[in-house]
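A.B. asks: Listed below are the residues making up each chain.
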Amino acid sequence: MPRPKRKAAVPTRSSDADSSARPEPKKPRGNQFNRIDQLFESYVNKTLGLIDPEGIEALCNDVNVNHTDVRMLIFAWKMKAEKQGYFSKDEWRRGLKCLGADTRPKLKKAIEGLDKELKVPECFEDFYSYAFQYCLTEEKQRSVDIETICELLNIVLKSEFPNQVNLLVEYLKVGKQLFKLIYVQNDYRALNMDQWRSFYRFFKEVDFHDLENYDSSQAWTVIIDNFVEWLKEKEKN
Amino acid sequence: MERKTIDLEQGWDYMQKGITKLKKILRETHDEFMLRELEQRWITHKVMVRWLSRFFHYLPPLNGVGLTCFRDLVYMEVRANARKGVITLIDKEREGEQIDRSLLKNVVDMFVEMDKYEEDFEVQMLEDTANYYKSKATKWIEVDSCPDYMLKAEECLRRERERVTHYLHSSTEQKLVEKVQHELLVTHANQLLDGVRALLRDDKVEDLSRMYRLYQKIPKGLDPVENVFKQHITAEGTALVQQAEEASSLVRKFIELHDKYMTYVNDCFINHTLFHKALKEAFEVFCNKNVAGSSSAELLATFCDNILKKGGSDEAIEETLEKVVKLLAYISDKDLYAEFYRKKLARRLLFDRSANEDHEKCILTKLKQQCGGQFTSKMEGMVMDLTLARDNQMKFEEYLQDNTHVIDLSVTVLTTGFWPSYKSSDLNLPVEMVKCVEVFKEFYETKTKHRKLTWIYSLGTCHIIGKFEPKTIELVVSTYQAAALLLFNSADKLSYSEIMMQLNLTHEDVVRLLHSLSRAKYKILSKEPNTTTIWPNDTFEFNYKFTDKMRRIKIPLPPVDERKKVIEDVDKDRRYAIDAAIVRIMKSSKVLGHQQLVLECVQQLGRMFKPDIKAIKKRIEDLITRDYLERDQENPNTFKYLA
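Taken in sequence, the protein lines are chains P and D.
Counting with our numbering, you get residues 1 to 237 for the letters of the first sequence.
Counting with our numbering, you get residues 1 to 643 for the letters of the second sequence.
Please note that the accuracy of each hint is not assured.
To be verified - Heads up, simulated BS3-like pairs for lysine-lysine below, C-alpha to C-alpha not over 25 Å straight-line:
(1) Lys-289(D) x Lys-572(D)
(2) Lys-435(D) x Lys-471(D)
(3) Lys-309(D) x Lys-565(D)
(4) Lys-236(P) x Lys-614(D)
(5) Lys-618(D) x Lys-234(P)
(6) Lys-366(D) x Lys-395(D)
(7) Lys-46(P) x Lys-158(P)
(8) Lys-46(P) x Lys-108(P)
(9) Lys-565(D) x Lys-614(D)
(10) Lys-395(D) x Lys-471(D)
(11) Lys-467(D) x Lys-549(D)
(12) Lys-545(D) x Lys-521(D)
(13) Lys-140(P) x Lys-640(D)
(14) Lys-640(D) x Lys-204(P)
(15) Lys-493(D) x Lys-565(D)
(16) Lys-277(D) x Lys-253(D)
(17) Lys-614(D) x Lys-173(P)
(18) Lys-618(D) x Lys-140(P)
(19) Lys-565(D) x Lys-587(D)
(20) Lys-139(D) x Lys-152(D)
(21) Lys-368(D) x Lys-310(D)
(22) Lys-92(D) x Lys-139(D)
(23) Lys-614(D) x Lys-232(P)
(24) Lys-277(D) x Lys-326(D)
(25) Lys-366(D) x Lys-378(D)
(26) Lys-136(D) x Lys-175(D)
(27) Lys-253(D) x Lys-326(D)
(28) Lys-310(D) x Lys-521(D)
(29) Lys-204(P) x Lys-614(D)
(30) Lys-83(P) x Lys-108(P)
(31) Lys-234(P) x Lys-614(D)
(32) Lys-378(D) x Lys-309(D)
(33) Lys-618(D) x Lys-173(P)
(34) Lys-614(D) x Lys-590(D)
(35) Lys-204(P) x Lys-618(D)
(36) Lys-232(P) x Lys-618(D)
Keep in mind the hints are simulated off the structure, nothing from the lab.
Given only the sequences and the hints, what does the whole structure look like? Please build it.
C.D. replies: Put into structure tokens, the structure is as follows:
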């Protein structure tokens, strides 16, 4: 996940260290919510009423997952978190309820296993789009810069399409430097959601060994058209 | 009175005997003699049957019986021979021999009456015809030239038609002609088509007309001819493009080529749409090729510019303009032509280079007719501005008199939207001109308060008196050049950087104008060092010694190469045009597939230019970013309009 913006202040949080040792008898739902809220309080920035990047950092430490790990992104997705680097109370509640976790150990276990959540294609598509959305930090922002896109591709798609992601990232990065070459993407410094989505669709539907059948008169995005041309040139050389 | 009567039985008997006798005769004679006998007997038989019908009129009609009788007893046996006989005679006639046509007519008539014409006669006759012409064709195609072959073919067809009218049944004509055409024209079409190429090359108009006539009647027969025609024109046009050394003669050659082949279309091919189409498609191929770095759109605009600068008789000009506008129809980048034309029109109007105002209006009318009002609206506005400017100038001069200003200034006010965009410069005006501009501003304020004036000094002209030692000469220069020269009123020697600083112009402009004053035909300034190129460390001095035999000279300032800017401007306009088209189409369709959207786009914009698919795709992407459209997630090849 792209590095969220850091604030200088050190968060205060209550220690909940020995709650893991206590047995968990079955308690009515109200209590469950209380525990979720308590967890929230343990990471929250009191001034903002939100968990801020500091809080997230602390959470990452507790669950022993790096904040750049894809699972943190999946976690944000589960919460439908809107603002990068921040979790609201509603979002936190939503996420933890979804994961069925109301204590720190449960949360840790849940987050550790999050990458399995994406096995279902419909879920993955939704997550994939969310990943892009999550990077739109400014009010009217519609595109994400190439650097971030490349990082995102590595996080989100590399496990399923390692080879393709490497090539695409190479293309995007090279293009940024050598925009004079005709077949390298020239005026793309940032990409929009439609183009982002087209990458996944492209990886799914087109076989990199069979590029002759690629039809640029179809509704593929122009950047994909250019990428294919670049791939073909690369093949020749 | 005794009437001779006979028994029915007896009558029958007579008939039978007669028939048997006939059969004997027929078996023993051959060919023409046989046919004659047959004819005779047939005629006689018909007579007999007629008489018998009269005798036995109270009985049911005997015609049928009579015919049946003849058919069963005679016809069935003799038909093969009769047919052979007829066909033999036909072939003889084909070879040029005289035959007895009425004989054949009667025998054929027999077949018809027997109701066996097609079955027993026509089928075989047609097959024989096919074979006959097959062998003729094979022979002729080896020996004869294409024109000769076609002459023969035409003659054969004529004769066969004639044959039908004389002794065959009319229903045969169509089938017979088809057979002949097939053997003579269709089977050997490829070889004949090679001949077409030669005919085109050698301008054999009559032979081409014949070819048209012959192939027109064959279904799709003209398609290969049209193809050859198109290829031929395309090749000639492309050769012109490749050999072109310079632009103006090329356009003239295109016009000549077009005239030549249009004549063919009208005369040889009788205005057939297929050949109009061939001509159009051929021209569309080579008229869109670049020549020495310039697009054909630019070439055509330059050609028009030259004609309108040079002038000529009304008729000649009108004719040429008419043809030029026709050529424009074949050029796909019409918007590029319009922009080049507009730029050159601006220079003609502003520097008074146009030979004749009526001619200017003439071509605009023609362009309007062909490309629509929107194409010419800006140009028309420009011409109008000039007319208004003249009125305005008169009023300005009145104003000057009324206010006792002594200023020799003429101003042309241009309506911004009509004229090409010019960057206004921050030229430091010479002090003498500053006052002029101020006075005009005052005047203009009295006329209208709601307009903003932007001065384009790069388009101005100035008359300067150069007090050279040998003699005084009036210099007609551009405002930029004038500004530079006037600097030397207060300094003898100036460096490049001093000039640039004082004028407040760009390097590009300064180099250009200094070059025109010091290294071109008239060296008003002398340069140190005396090299050809202008360098920033050069110094310039007023050349007191300059002289020329004329008392007034024009020192042109060559224009900046506008090509790049024109192409940029047109590209920008195209992006807007594509955007507008996409939005328009999507707004009315709401949901549309990608291919369909692209197709309709190309169609809508085709009047002005041929948008390339990539450009359209990019605009679609941009419109998605701007929330005009979205891609359908279920069908990624479909787009939805977002209201």
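A.B. asks: Are there hints from earlier that the structure breaks, and if so, what are their numbers?
C.D. replies: 2, 6, 7, 10, 15, 19
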